[in-house]
Amino acid sequence: SRAVEQSLATQSQQFRQSQDILNQRLARAEDINAQLQGELSVVTDKMKLTQTEVNQARVQTKRIKEEDAKQLTDLQTNVNGQLATKASVDDLNKLGTDVNGVRSDLDATKNGLNMTRGEFGTLIAKNHDQIEELRRLGERDYYEFSISKKGQREKVGELMVELCSVNPKKNIFTVAIYADDARYEKKNRSTNEPIYFFMRGSRAPVEFTVNQVGKDKISGYLSVPKVNTTHTQASGE
Numbered sequence: 276s277r278a279v280e281q282s283l284a285t286q287s288q289q290f291r292q293s294q295d296i297l298n299q300r301l302a303r304a305e306d307i308n309a310q311l312q313g314e315l316s317v318v319t320d321k322m323k324l325t326q327t328e329v330n331q332a333r334v335q336t337k338r339i340k341e342e343d344a345k346q347l348t349d350l351q352t353n354v355n356g357q358l359a360t361k362a363s364v365d366d367l368n369k370l371g372t373d374v375n376g377v378r379s380d381l382d383a384t385k386n387g388l389n390m391t392r393g394e395f396g397t398l399i400a401k402n403h404d405q406i407e408e409l410r411r412l413g414e415r416d417y418y419e420f421s422i423s424k425k426g427q428r429e430k431v432g433e434l435m436v437e438l439c440s441v442n443p444k445k446n447i448f449t450v451a452i453y454a455d456d457a458r459y460e461k462k463n464r465s466t467n468e469p470i471y472f473f474m475r476g477s478r479a480p481v482e483f484t485v486n487q488v489g490k491d492k493i494s495g496y497l498s499v500p501k502v503n504t505t506h507t508q509a510s511g512e
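Heads up: take any position in the sequence shown, counting from 1, add 275, and you land on our numbering.
No lab work stands behind these hints: they were computed from the structure. For clarity, every value in this text was computed on a predicted model and none was experimentally measured. Some clues are possibly wrong.
Unchecked claim - EDC-like, lysine to aspartate or glutamate: derived pairs with alpha carbons at most 16 Å apart: (1) Lys492 x Glu414; (2) Lys461 x Glu437; (3) Lys337 x Asp295; (4) Lys492 x Glu419; (5) Lys340 x Glu305; (6) Lys462 x Glu437; (7) Lys345 x Asp295; (8) Lys425 x Glu414; (9) Lys424 x Glu437; (10) Lys501 x Glu437; (11) Lys430 x Glu419; (12) Lys425 x Asp491; (13) Lys501 x Glu429; (14) Lys401 x Glu419; (15) Lys492 x Asp455; (16) Lys340 x Glu414; (17) Lys425 x Asp455; (18) Lys501 x Glu433; (19) Lys445 x Glu414; (20) Lys445 x Glu468; (21) Lys492 x Glu408; (22) Lys430 x Glu468; (23) Lys401 x Asp491; (24) Lys430 x Glu414; (25) Lys424 x Glu341.
As the list claims (entries may be wrong) - Pairwise CB distance ranges, derived in the manner of DEER restraints: (26) Ala451 x Glu419: 27 to 33 Å; (27) Lys425 x Lys501: 31 to 37 Å; (28) Ala451 x Gly396: 46 to 52 Å; (29) His403 x Lys501: 19 to 25 Å; (30) Lys492 x Asn368: 22 to 28 Å; (31) Gly396 x Asn368: 38 to 44 Å; (32) Ser282 x Ala309: 38 to 44 Å; (33) Lys501 x Asn442: 50 to 56 Å; (34) Gly426 x Gly396: 56 to 62 Å; (35) Gln288 x Arg410: 52 to 58 Å.
Positions of the beta carbon are idealized from the N, C-alpha and C atoms, including for glycine.
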């Protein structure tokens, strides 16, 4: 694109210079023609020009005008072609930008299609990348966690979570979730299986999801609505 712009600038400068020269030649030709017309009889008498020589002078003047006009037309056509080429390059660059944007949207959509939906219709992320995709949607807040000690409460978002037991071979775990001075124990839950809580005054659930189970360790995320209150009720006990 820079090379095209430089070429266009050079062509435009050459066009202006050529146009000035041609205009000078046309003006000079017109002066010659006027002199020939005004002094035709005098020149004929003094130089004893024949009618054939006068006609030849007129033909030569006409030919000069036609050649100059053709050069102007050819130069204008060349400049217009350069302008069209630059416009085509700009359109291609814009098209490339649009295609990249569409590709990003398609990648995000593809990642979303790989997610399953829970019983309340929300998408369930299975890894960090999918959690980031859900964050970009902006519909809910997400808190990733990793708990590596059993029998100890750890804060996850607005909840306190205690890891009770794990079975890495079967990918199951048991946790106790504390909220509003209440304890909810969830036994033998599977990975990527959300545990839902409803906060008082909110129709959207809080979701506690474990993505990975290891030796005395679980990791996952807590998903909460953008607007929430404090009283909690458990679902899916």
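Checked hints:
Between Lys492 and Glu414, the direct Cα distance comes to roughly 29 Å. Violation of the 16 Å bound is thereby established for this hinted pair. This hinted pair checks out: Lys461 and Glu437 have alpha carbons roughly 10 Å apart, not beyond 16 Å. Of the pairs offered as hints, the one joining Lys337 and Asp295 is violated, with about 19 Å between alpha carbons and a cut-off of 16 Å exceeded. For the suggested pair Lys492 and Glu419, the alpha carbons sit about 14 Å apart, so the restraint of at most 16 Å is met.
Simply put, Lys340 and Glu305 have alpha-carbon atoms about 9 Å apart, close enough for the 16 Å limit, and the pair holds. Of the pairs offered as hints, the one joining Lys462 and Glu437 holds, with about 12 Å between alpha carbons and a cut-off of 16 Å not exceeded. Annotation: proposed proximity of Lys345 to Asp295 holds, straight-line Cα distance about 15 Å (limit 16 Å). Distance hint between Lys425 and Glu414 is unfulfilled; the C-alpha atoms sit about 32 Å from each other, more than 16 Å.
Proposed proximity of Lys424 and Glu437 is supported: the alpha carbons are some 8 Å apart, at most 16 Å. Only pairs whose Cα atoms come within 16 Å are accepted, and Lys501 paired with Glu437 is rejected, the gap being roughly 25 Å. Taking the CA atoms of Lys430 and Glu419, the gap is about 11 Å. The hint holds against a cut of 16 Å. At most 16 Å may separate the alpha-carbon atoms for a hinted pair to count; Lys425 and Asp491 meet this at roughly 6 Å.
About 22 Å separates the Cα atoms of Lys501 and Glu429, which puts this hinted pair outside 16 Å; it is violated. Straight-line distance between C-alpha atoms of Lys401 and Glu419 comes to about 12 Å, which keeps the hinted pair within the 16 Å bound. Annotation: proposed proximity of Lys492 to Asp455 is violated, straight-line Cα distance about 25 Å (limit 16 Å). Between Lys340 and Glu414, the direct Cα distance comes to roughly 74 Å. Violation of the 16 Å bound is thereby established for this hinted pair.
For the proposed pair Lys425 and Asp455, the alpha carbon gap of about 22 Å is over 16 Å, so the pair is violated. Restraint check for Lys501 and Glu433: the C-alpha separation of about 13 Å stays at or below 16 Å, so the hint holds. Only pairs whose Cα atoms come within 16 Å are accepted, and Lys445 paired with Glu414 is rejected, the gap being roughly 32 Å. Restraint check: the Cα-Cα separation between Lys445 and Glu468 comes to about 14 Å, which is no more than 16 Å; the hinted pair holds.
In summary, the hint linking Lys492 to Glu408 is not supported, as the alpha carbons are separated by about 25 Å, beyond the 16 Å threshold. Note on Lys430 and Glu468: the hinted pairing is violated, with a Cα-Cα distance of about 20 Å set against a maximum of 16 Å. Restraint check: the Cα-Cα separation between Lys401 and Asp491 comes to about 20 Å, which exceeds 16 Å; the hinted pair is violated. Taken as a hint, the Lys430 and Glu414 pair is broken in the structure, with Cα atoms around 23 Å apart against an allowance of 16 Å.
As the CA atoms of Lys424 and Glu341 are separated by approximately 95 Å, the hinted pair breaks the 16 Å bound. Range check, Ala451 to Glu419: about 20 Å between beta-carbon atoms, so the 27 to 33 Å window is missed. Between Lys425 and Lys501 the beta carbon distance is about 33 Å. The supplied range of 31 to 37 Å therefore holds. Here the CB-CB span from Ala451 to Gly396 is close to 27 Å, at odds with the stated 46 to 52 Å.
The hinted window of 19 to 25 Å between His403 and Lys501 holds, with their beta carbons roughly 21 Å apart. Under the hint 22 to 28 Å, the C-beta atoms of Lys492 and Asn368, about 50 Å apart, miss the expected range. For the pair Gly396 and Asn368, the supplied restraint of 38 to 44 Å holds, since their beta-carbon distance comes to about 41 Å. Between Ser282 and Ala309 the beta carbons are some 40 Å apart, a value that agrees with the proposed interval 38 to 44 Å.
A C-beta distance of roughly 35 Å is found between Lys501 and Asn442, which places it outside the suggested range of 50 to 56 Å. Roughly 35 Å separates the CB atoms of Gly426 and Gly396, a value that falls outside the hinted 56 to 62 Å. The hinted range of 52 to 58 Å is satisfied by Gln288 and Arg410, whose Cβ atoms lie roughly 54 Å apart.
Comparing the model with each earlier hint shows violations of hints 1, 3, 8, 10, 13, 15, 16, 17, 19, 21, 22, 23, 24, 25, 26, 28, 30, 33, 34; every other hint is respected.
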